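Chain E is fixed; fit chain X onto it per the hints.
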Amino acid sequence: KNEVEQSPQNLTAQEGEFITINCSYSVGISALHWLQQHPGGGIVSLFMLSSGKKKHGRLIATINIQEKHSSLHITASHPRDSAVYICAAQKTSYDKVIFGPGTSLSVIP
Amino acid sequence: EPEVTQTPSHQVTQMGQEVILRCVPISNHLYFYWYRQILGQKVEFLVSFYNNEISEKSEIFDDQFSVERPDGSNFTLKIRSTKLEDSAMYFCASSQTGGGLFFGEGSRLTVL
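From first to last, the protein sequence lines stand for chains E and X.
In short: position in the first sequence from 1, add 39, done, that's the working numbering.
In short: position in the second sequence from 1, add 1, done, that's the working numbering.
If we strip away everything but chain E, and leave its shape as in the complex, we get (with noise of 0.2 angstroms):
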């Protein structure tokens, strides 16, 4: 069984639309991590989470760690949007992280 799943695997929506892409985990984690990759690029980070919820712009993460579960929003979507997005699990401060399989958004004009 994999320690970090993501739902769902491919999204496509338009322009414009509220966007939610679900991660729940296995493991006790001190942090959990949603990562943005471009096709054939880098990873940038946009959150990390130990509790609550955090907004940046566009983009919103909350997590729940009793139910051991993590979401992100996107709203008012944006073409520039499209990538996949990554949520990845930490146990300790300084441990690696386990990442989840991903899930890739397409967002229409």
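Hints were generated in silico from the structure; no laboratory data involved.
Heads up, a few of these hints could be off.
Claimed, not checked - Coverage of chain X stretches by chain E, computed from C-beta distances (three or more under 8 angstroms per stretch; other residues unrestricted):
hint, segment
1, 32-45
2, 68-77
To be verified - Only pairs whose alpha carbons sit at most 27 angstroms apart, straight line, appear in this in silico DSS-like list of lysine-lysine:
hint, chain 1, residue 1, chain 2, residue 2
3, X, K79, E, K94
4, X, K84, X, K43
5, X, K79, X, K43
6, X, K84, X, K58
7, E, K93, E, K130
8, E, K93, X, K84
9, X, K43, E, K107
10, E, K92, X, K79
11, X, K84, E, K130
12, E, K130, E, K92
13, E, K92, E, K107
14, X, K79, E, K107
15, E, K94, E, K107
16, E, K107, E, K130
17, X, K58, X, K43
18, E, K93, E, K107
19, E, K130, E, K94
20, E, K92, X, K84
21, X, K58, X, K79
As the structure is a prediction and not an experimental result, all values here were calculated from the model.
In this text, a Cβ means the ideal position worked out from N, Cα and C, and glycines have one as well.
The following block gives chain X in isolation, referenced to the frame of chain E:
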């Protein structure tokens, strides 16, 4: 903004050749990592490094792989005798205790 830099961005090599991938982590970070991503697959952990030694390694990180921090700034991943299945994107990352995780742009390795 500080960043992790990796070189080369793309390397093509013949099977059996040695490859060294280089990373310059963020200067005050203490924890360093290598990950790899085979095309179309998820990112996999290879090795973590702290206090000049390996703190954890995965099953992938066999005797063909080694890491080194030769001069206090560079962090290198060496593959001694490359195989076709080593073709992947290799990512370096660094972090501080309790801080965020910063990734480099990746080094694409193609083994022919």
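Consistency of the hints with the structure:
1. 32-45: As far as the segment 32-45 of chain X goes, the hint holds, because 6 residues have Cβ atoms under 8 angstroms from chain E.
2. 68-77: Check failed, 0 qualifying residues.
3. K79(X) - K94(E): Measuring from Cα to Cα gives roughly 39 angstroms; hence the hint is violated.
4. K84(X) - K43(X): Given pair K84(X), K43(X) holds - Cα atoms ~20 angstroms apart, limit 27 angstroms.
5. K79(X) - K43(X): holds, 22 angstroms
6. K84(X) - K58(X): holds, 19 angstroms
7. K93(E) - K130(E): holds, 20 angstroms
8. K93(E) - K84(X): violated, 42 angstroms
9. K43(X) - K107(E): holds, 21 angstroms
10. K92(E) - K79(X): It is violated: about 40 angstroms lies between the C-alpha atoms, which goes past 27 angstroms.
11. K84(X) - K130(E): violated, 32 angstroms
12. K130(E) - K92(E): holds, 19 angstroms
13. K92(E) - K107(E): OK: K92(E) and K107(E) at ~14 angstroms, within 27 angstroms.
14. K79(X) - K107(E): violated, 37 angstroms
15. K94(E) - K107(E): holds, 19 angstroms
16. K107(E) - K130(E): holds, 12 angstroms
17. K58(X) - K43(X): holds, 17 angstroms
18. K93(E) - K107(E): holds, 17 angstroms
19. K130(E) - K94(E): This hinted pair holds, its Cα atoms lying about 23 angstroms apart.
20. K92(E) - K84(X): violated, 44 angstroms
21. K58(X) - K79(X): holds, 14 angstroms
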